[in-house]
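K.L.:
Residue strings, one per chain:
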Amino acid sequence: MEREEFADFYAASFQRLVGQLYAMTGDQSEAQDAVQEAFVRAWARRGKIDRNGAPEAWVRVTAWRIAASRWRRARDGARLGSLTARPESTAGPTPDRVAFHDALRKVPAEQRRALVLYHLCDLTVDQVAAETGVRAGTVKARLARGRAALAPHLRETPAPVTE
Amino acid sequence: MSELTSELRRMADDAARQARPPAVAEIIRQGDRRRRRSLTRQSLGGLSAAGIAGAGVALGLGLTGSAPAHGTGTIRTAAFTLVSNANGTATLTINPNVLLEPGTLESDLAQDGIPAMVTTGSFCSSDPAPAGLSQVVSIQKSQLAAPPPVVGKPQQRPARTMTINPAALPAGTELSFGNFQLANGAQTSYTLIDTGSYTCTSTAPASPPADGGEIGFSSTSSSANTSLSGGGPS
Numbered sequence: 001m002e003r004e005e006f007a008d009f010y011a012a013s014f015q016r017l018v019g020q021l022y023a024m025t026g027d028q029s030e031a032q033d034a035v036q037e038a039f040v041r042a043w044a045r046r047g048k049i050d051r052n053g054a055p056e057a058w059v060r061v062t063a064w065r066i067a068a069s070r071w072r073r074a075r076d077g078a079r080l081g082s083l084t085a086r087p088e089s090t091a092g093p094t095p096d097r098v099a100f101h102d103a104l105r106k107v108p109a110e111q112r113r114a115l116v117l118y119h120l121c122d123l124t125v126d127q128v129a130a131e132t133g134v135r136a137g138t139v140k141a142r143l144a145r146g147r148a149a150l151a152p153h154l155r156e157t158p159a160p161v162t163e
Numbered sequence: 001m002s003e004l005t006s007e008l009r010r011m012a013d014d015a016a017r018q019a020r021p022p023a024v025a026e027i028i029r030q031g032d033r034r035r036r037r038s039l040t041r042q043s044l045g046g047l048s049a050a051g052i053a054g055a056g057v058a059l060g061l062g063l064t065g066s067a068p069a070h071g072t073g074t075i076r077t078a079a080f081t082l083v084s085n086a087n088g089t090a091t092l093t094i095n096p097n098v099l100l101e102p103g104t105l106e107s108d109l110a111q112d113g114i115p116a117m118v119t120t121g122s123f124c125s126s127d128p129a130p131a132g133l134s135q136v137v138s139i140q141k142s143q144l145a146a147p148p149p150v151v152g153k154p155q156q157r158p159a160r161t162m163t164i165n166p167a168a169l170p171a172g173t174e175l176s177f178g179n180f181q182l183a184n185g186a187q188t189s190y191t192l193i194d195t196g197s198y199t200c201t202s203t204a205p206a207s208p209p210a211d212g213g214e215i216g217f218s219s220t221s222s223s224a225n226t227s228l229s230g231g232g233p234s
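Chains as they are written, first to last, in the numbering used here: chain L, 1 to 163; chain R, 1 to 234.
The reader is advised that the hints may include incorrect statements.
Quick list of the computed label-pair ranges, beta carbon to beta carbon [what the hints assert, rightly or not]:
#1 R:GLY196 with L:GLY47: 27 to 35 Å
#2 L:GLY47 with R:ARG9: 29 to 37 Å
#3 L:ARG145 with R:PRO22: 34 to 42 Å
#4 L:ALA130 with R:THR74: 50 to 58 Å
#5 R:SER2 with L:GLU56: 19 to 27 Å
#6 R:ASP13 with L:SER69: 25 to 33 Å
#7 L:GLY47 with R:SER6: 18 to 26 Å
#8 R:ARG9 with L:PRO108: 20 to 28 Å
One side of the interface only, derived from the structure: several residues of chain R facing chain L at Cβ under 8 Å [claimed, not checked]:
#9 SER2
#10 GLU3
#11 LEU4
#12 PRO22
#13 GLN30
#14 ARG35
#15 GLY121
#16 PRO170
#17 ASP194
#18 GLY196
From the derived model, a few chain L residues whose C-beta atoms are all more than 10 Å from chain R [said to hold, decoys possible]:
#19 VAL18
#20 HIS119
#21 GLU131
Treat the hints as calculated values from the structure; they're not laboratory data. We put the beta carbon where it would ideally sit given N, CA and C, even for glycine.
Extracted from the complex, chain L is given alone in its bound form (with noise of 0.2 Å):
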C-alpha cells in the first residue's frame, strides 16, 4: 500500500471505525486511541495487510485486541468499572437511549462486539466469526445473549439470526 491509497483509506474509514470501536467498547477517548493506534501498526505492517486484502477489517481487529488488551490491564483498577458503568455523558439523549446505551455496556464484551460487527458492520455470522476467531455457533449464541439482554430496552422483538 502506498502513502496516497493509505491516506485515502485513512480519511475514508477513520471515522467510521472509532463509531464502530465506540460501539464495542463504550468509551469515546480509547475508541479514538486503539483506531489510531491500529492505524499506526497498520502502516508500519503494510505489507501484511498488502497480503491480507482487508485493510478495514485489519485495522478493527486490531482496534479490538489494543482496548481489551488495555482492558485486561485495568481489569482490577478503576478504569474497568469506568468502562462498564458510567453514565452515558453524550449531550440530549433521550431517557430511552441513556438506558439502551448503558445496558449495552452491561452485555459481555465478545457478545457486544459480536452485535456490533453483526448488525452495525452488516457481517454475516461467518464473516463475524472469522473476525472474532470463533466458530459460527458460538457467534450466533452470542447474538442471542446480547439480543436476550437488550431486549428490555427494545419496542420491537429482534429478529432472528441469520446466516
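For this one, chain L is given, so just place chain R on it according to the hints.
P.N.:
Frame of chain L, contents of chain R only:
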C-alpha cells in the same frame, strides 16, 4: 432495519462525528518509526545470533557504502553524509544522484538532535511556514563541480551541503525534507514545519518553497542542472 441496528448506528454515528483524526502524516511518521524500531530489534537479534564478537569485528572495520558508519562523528551513506560538528551543528551533504532512504536520514539527524520529517514521494509543509529557517539552515556557497560526464550514463550532479543548527530551531518546529525521484533526477525540498499543523502533498514542488529550499534537479531547467536555494523570509 431493526431497532437494534438503528440504535447501534445512531451511537456509532455520534461517536464518529466526535472523532478527531490526527493528520495522516503523523500516523505515517509514527508508523515509520515503529517499523524502524522493529527492524533494528530484528537486526540486533540477528547480530546476537551471529555472535557479538563477529559483529564487533565487522563494525571495527568500518562498513561503507549504503550502510551508515557511526563512531567518528561522520555518517556516510550513498545518499548523504552527515558530520557532527563540535559546536553542536551538523553538516549535511546530500548526493542528488541517489534517492534518500527517509528513515535512515531521519534517525541519523535525530542522533544529532535535529528533529526532522524525511519523506520520499511527498513533501510536508505548514501554512504559514514558521519563521527562522535561515537561522537553522545555512547553505554552503562553494560547491564541488559536477563529475565529468560519462558517455551512455546520465549526467551526475554535484553533492550539495548545508549546515544545520538545531539550537536555532524554534519550539514546536522541525525540519521537513521531501525527496522525489523525478524523470530528470532526484529532488529534495526542505522547509521548517510547525509540528502541530502541517500538510503533506505527493506533488513535487515545481519551485523551491517560499520558506524553504531545494536540492537537486531544477524543474524549470531544460538541462541536467542542479539547483540549490533556501533560506526564505524569516
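K.L.:
Could you say whether the range 20 to 28 Å given as a hint is met by the Cβ separation of R:ARG9 and L:PRO108?
P.N.:
Given a distance of about 21 Å, which is inside 20 to 28 Å, the answer is holds.
K.L.:
At 10 Å, judged by beta carbons, does L:GLU131 keep clear of chain R as stated?
P.N.:
Consistent with the label, L:GLU131 stays out of reach of chain R, its closest Cβ about 16 Å off (over 10 Å).
K.L.:
Given R:SER2 as an interface hint, is its Cβ closer than 8 Å to any Cβ of chain L?
P.N.:
6 Å, holds
K.L.:
Falls inside 27 to 35 Å, the C-beta gap from R:GLY196 to L:GLY47?
P.N.:
Given about 31 Å between the Cβ atoms, the range holds.
K.L.:
Using the nearest Cβ pair, does R:LEU4 come within less than 8 Å of chain L?
P.N.:
At about 5 Å, which falls below the 8 Å cut-off, the nearest Cβ of chain L leaves the hint on R:LEU4 intact, so it holds.
K.L.:
Does the interface hint hold: is R:ASP194 within less than 8 Å of chain L, judged Cβ to Cβ?
P.N.:
20 Å, violated
K.L.:
Under the criterion of a CB-CB separation shorter than 8 Å, is R:PRO170 in contact with chain L as hinted?
P.N.:
Violated. Min distance 27 Å.
K.L.:
Quick check on R:GLY196 please, does its C-beta sit within 8 Å of some C-beta on chain L?
P.N.:
16 Å, violated
K.L.:
Is the interface hint satisfied for R:GLN30? The criterion is a beta-carbon contact with chain L at less than 8 Å.
P.N.:
This hint holds: R:GLN30 lies near chain L, its Cβ roughly 4 Å from the closest one there, short of 8 Å.
K.L.:
Please test the hint of 50 to 58 Å on the beta carbon pair from L:ALA130 and R:THR74.
P.N.:
For R:THR74 against L:ALA130, whose Cβ atoms are near 53 Å apart, the range 50 to 58 Å holds.
K.L.:
Does the closest beta carbon of chain L sit nearer than 8 Å to the beta carbon of R:GLY121?
P.N.:
6 Å, holds
K.L.:
The hint names R:PRO22 as touching chain L; please verify it with the least Cβ-Cβ distance against 8 Å.
P.N.:
6 Å, holds
Of the hints listed earlier, those the structure fails to meet are numbers 7, 16, 17, 18, 19, 20, in rising order.
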